[in-house]
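So the sequence lines, in the order shown, correspond to chains A and B. Each residue of the first sequence is one higher than the one before, starting from 369 at the first, in this note's numbering. Each residue of the second sequence is one higher than the one before, starting from 369 at the first, in this note's numbering.
Just so you know, the hints here were simulated from the structure itself, not pulled from any lab data. Predicted model, so just to flag it, every value in this text is computed and none were measured. The C-beta atom is built at its ideal place from N, Cα and C for all residues, glycine as well. Be aware that one or more of the hints could be misleading.
Said to hold, decoys possible - Every beta carbon over 10 angstroms from chain A, so not counted as near; a handful from chain B, in silico:
#, residue
1, Phe406
2, Ala459
3, Glu595
4, Thr606
As the list claims (entries may be wrong) - Estimated spans, in silico, between C-beta atoms of each pair:
#, chain 1, residue 1, chain 2, residue 2, range
5, B, Thr470, A, Ala499, 19 to 25 angstroms
6, A, Arg544, B, Thr470, 51 to 57 angstroms
7, A, Gly597, B, Glu521, 41 to 47 angstroms
Claimed, not checked - According to the in silico footprint, chain A covers these stretches of chain B (three or more CB under 8 angstroms from chain A):
#, stretch
8, 438 to 449
9, 484 to 495
10, 568 to 575
Number of protein chains: 2
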Amino acid sequence: MTEPLTVIGTPVSPYVRKVLAVLELKGLAWRIDPLVPFLGNDEFTRLSPLRRIPVLIDGELVLSDSSVIAEYLDERHPGTALMPRAVADRARCRWLEEFADTRLADVLIWGLFGPAITRPGIFKSARDEAALARVIAEDLPPVMDLLETMAPEAGFYAGDLTTADLAVAVHFANLRWSGVAPGLDRWPRAAAWIGRIEGAEPLVRLNALGARALTVRYPDRPALFAEYGIGLVDTGVTGREARRGPMTTL
Amino acid sequence: MTEPLTVIGTPVSPYVRKVLAVLELKGLAWRIDPLVPFLGNDEFTRLSPLRRIPVLIDGELVLSDSSVIAEYLDERHPGTALMPRAVADRARCRWLEEFADTRLADVLIWGLFGPAITRPGIFKSARDEAALARVIAEDLPPVMDLLETMAPEAGFYAGDLTTADLAVAVHFANLRWSGVAPGLDRWPRAAAWIGRIEGAEPLVRLNALGARALTVRYPDRPALFAEYGIGLVDTGVTGREARRGPMTTL
Numbered sequence: 369m370t371e372p373l374t375v376i377g378t379p380v381s382p383y384v385r386k387v388l389a390v391l392e393l394k395g396l397a398w399r400i401d402p403l404v405p406f407l408g409n410d411e412f413t414r415l416s417p418l419r420r421i422p423v424l425i426d427g428e429l430v431l432s433d434s435s436v437i438a439e440y441l442d443e444r445h446p447g448t449a450l451m452p453r454a455v456a457d458r459a460r461c462r463w464l465e466e467f468a469d470t471r472l473a474d475v476l477i478w479g480l481f482g483p484a485i486t487r488p489g490i491f492k493s494a495r496d497e498a499a500l501a502r503v504i505a506e507d508l509p510p511v512m513d514l515l516e517t518m519a520p521e522a523g524f525y526a527g528d529l530t531t532a533d534l535a536v537a538v539h540f541a542n543l544r545w546s547g548v549a550p551g552l553d554r555w556p557r558a559a560a561w562i563g564r565i566e567g568a569e570p571l572v573r574l575n576a577l578g579a580r581a582l583t584v585r586y587p588d589r590p591a592l593f594a595e596y597g598i599g600l601v602d603t604g605v606t607g608r609e610a611r612r613g614p615m616t617t618l
Numbered sequence: 369m370t371e372p373l374t375v376i377g378t379p380v381s382p383y384v385r386k387v388l389a390v391l392e393l394k395g396l397a398w399r400i401d402p403l404v405p406f407l408g409n410d411e412f413t414r415l416s417p418l419r420r421i422p423v424l425i426d427g428e429l430v431l432s433d434s435s436v437i438a439e440y441l442d443e444r445h446p447g448t449a450l451m452p453r454a455v456a457d458r459a460r461c462r463w464l465e466e467f468a469d470t471r472l473a474d475v476l477i478w479g480l481f482g483p484a485i486t487r488p489g490i491f492k493s494a495r496d497e498a499a500l501a502r503v504i505a506e507d508l509p510p511v512m513d514l515l516e517t518m519a520p521e522a523g524f525y526a527g528d529l530t531t532a533d534l535a536v537a538v539h540f541a542n543l544r545w546s547g548v549a550p551g552l553d554r555w556p557r558a559a560a561w562i563g564r565i566e567g568a569e570p571l572v573r574l575n576a577l578g579a580r581a582l583t584v585r586y587p588d589r590p591a592l593f594a595e596y597g598i599g600l601v602d603t604g605v606t607g608r609e610a611r612r613g614p615m616t617t618l
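Pulled out of the complex, with its shape left as it was, chain A reads as follows:
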């Protein structure tokens, strides 16, 4: 058989968990270099020009951007399709995934999880509680209102589970980990939909792994991944100094 696929990026990242969920649903073998992107070196920039995780390495092919990777895997390994067949449904799912990757992430990840957890942890900066409260009061309701109108009453957005459903749901574990956001009681239909996606097997395990990876000490990482039966690999992308920049994405 072929070599296992290599993923670069910590499973704390929702985008990494989205791709790992796709790999699991496809039944593909994979191993991981759980890079925290702020710590990536110049080799990381070469592999991922926008310094984004995840990166997928499949032989000679190196891809970044979780949506590009997910659609690549779906086309390369057509079993267990993660995109609907109907052309209009495919377009609707691509829009939902784009919305989840961008505006939803702007609020949940860049507006809440990053300022509450990542930046204080990595850059030792103080939390800006007023900014967090403003995001919760002003930015969160419109995106949740939109999800509430899009949420299916049962099942998933286009019937069977797709990467678009995964793209939405992965951010909500990070929202809980941020420890600052309210519950989703105001948006019961969206909350139930997200709950159904999070209950799909690969996400149960991957969200549990992500929660553990969030607090694990560096020397204890091999034991953590071994506990989950996941192979670690060193792709040579980790630097020693945290680098912050406009092209650095969680």
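Please build the complex by placing chain B on the supplied structure of chain A, with the hints as guidance.
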């Protein structure tokens, strides 16, 4: 035959011209409601939740996001394919299109064209010359350096012309219209590639239309579009007041 497709959005927008170029290359009939997105009303928000142009209306289906629309059109109308066939090339093109839509646009459109032209024109705000100079000195070189490494020596990124090539090239007319940016002599390979894409017929005409639409007075718009043989349609999305917001995209 079916009704012509409807596009909402002014051809001043690079994203609108990308979709119009796809429609032209596919030989599809279309008409346009040339909305300036800042002037969109609540009906526009309903059709395009992130208030982005272009919007495509195809019967009951309403889509926004130029990349989602372009891939929808390519799947719905397979003649004159605008995506390569090989799975790895498709992934590479999707990444290039994502890069063009986001980071390249951050610099050329949001960093230069918007502050130089759109915002002073619509919001009557003063141009911030120092900010423009900083973008030209600091942000432009890295994105152009990356394009220089990706530019093919001849032809297009994956052989035949794709939407990914179009997605890159459309921004450079806006860069010229901004009137503030230097030439591309430092990046000869990228410049030649962009020139080849801009020389492909639909873009020659669409860039000429965009340049005219940039300065046309509102009452003269019907005559301008009639000159280009393009049908206008009122989709009811234009409000009277310019609305600015984080979810408003050119």
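* For which of the previously enumerated hints does the structure constitute a violation, in increasing order of number? -> 2, 6, 9 and 10
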